[in-house]
Amino acid sequence: MVVSLLFFSKQIRFGYISNVIFLFIILIFQGCNPEKKSPPESDSPVLLDYGPKYGGDFVLIDHNEEQFDLLSYRGDVVLIFFGYTYCPDACPLMLSKLAAVYDDLLNINAGGNVRTLYITVDPLRDTPKQLKLYLEYFSSLEVLGLTGSREEIDDVLEKYGVFYKFQEANQNGHYLVAHTTSLFLVDREGRLRYRFHSTDKPEYITSGIHQLF
Amino acid sequence: MLKMITPKVVSIIGILIVFLASCNSKDNLKITDAWIRATPPSHNVSAAYLTIENLSNRSRELISIDTPAADSTELHIIQHIGDVMEMQNVKSLRIPPRGKLEMNPGGTHLMLFGMRKGLGEGDSVVLSLYFADNTIWNVEARVLKKRR
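Chains A and B, in that order, are what the protein sequence lines are. Start counting the first sequence at 79; every next residue gets the next number (my numbering). Start counting the second sequence at 538; every next residue gets the next number (my numbering).
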């Protein structure tokens, strides 16, 4: 795991062979992943206990340039997702979905006790200021953007089982980052309880959150 | 010789002309729902989406796009490996005969790099679509923060 993250953390030009290796490693780790693989049939997830190996507290820098400790959210349910702000496709999509989740949550009066964190996998480009501008622009709800040093981010990614890979830069130096798009559900005691798939419906996510109140 | 120009022959020629005219690929595509993701001023990448309907009996291939709004563009498909999402640059996007290519966030899209200025809601941008049969289509895309 550590080795693979170190491997991914190097921003180098990935050729065909490294792509194949990447796919292979992902497939291996998918096999170890305790989450359900098949799409959920019921409209409510069965929450899981990932044990001490996955999830847990971390300290990063928030988009207001203040130190952030997940411990400070104890007592609240926390949703965490990972991405990068130079992602114009999938990340705004997740923010729209979360807006629908929050609308649903208002119906169960839990809106105030649910917090959302957006952790960058690309701290080199995503400074606190970039995160703030991006989230203020795309999100109608309060999402706290988090960044840190490459090492600090990699530690969090390892805890939560998140993968990323810098893709080859184009002629103008722009590069994309392949990354895990799951939405992580952390309960009021700070324990990781579920990994929602990026295609899960807002109602399904809401019903998972509901179980924690 | 003139005797050969019977009404039957005239109608066959007529049908042939109509048939050949209908091969003009310009008439055989329908491009709708074009929109571009609005970008915050701090960011210079965006994505565009549209639907291409192929009304003809032969497949068509979108090979590139161009727009005055961006320095460079790519055709992207999304590949999911478990819960990891990877965007892949492809050389072309095929639209099967009588088929449809529908682009949506989280799926196939047109990636725009080096946006020349921030695009706000209400703006519109022209996209030029280049097809493998040397036809070019210009469409106007609306700028939206999210799909309506």
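Quick caveat, the hints were computed from the structure, so don't treat them as lab data. Keep in mind that a hint or two might mislead.
[Stated by the list, open to error] DSSO-like mimics (lysine-lysine), calculated; alpha carbons at most 27 Å apart, straight line:
hint, chain 1, residue 1, chain 2, residue 2
1, A, 175, B, 682
2, B, 567, B, 683
3, B, 683, A, 279
4, B, 567, B, 682
5, B, 683, A, 175
6, B, 637, A, 279
7, A, 237, A, 210
[Said to hold, decoys possible] Per the computed footprint, the stretches of chain B lying under chain A, defined by three or more beta-carbons under 8 Å from a beta-carbon of chain A, are:
hint, stretch
8, 597 to 611
9, 614 to 622
10, 629 to 638
Backbone N, C-alpha and C define an ideal beta-carbon position, used for all residues, glycine too.
Results of checking the hints against the structure:
no., hint, in the structure
1, A:175 to B:682, "13 Å, holds"
2, B:567 to B:683, "23 Å, holds"
3, B:683 to A:279, "17 Å, holds"
4, B:567 to B:682, "24 Å, holds"
5, B:683 to A:175, "11 Å, holds"
6, B:637 to A:279, "25 Å, holds"
7, A:237 to A:210, "24 Å, holds"
8, 597 to 611, "holds (count 3)"
9, 614 to 622, "holds (count 6)"
10, 629 to 638, "violated (count 0)"
Comparing the model with each earlier hint shows a violation of hint 10 alone; every other hint is respected.
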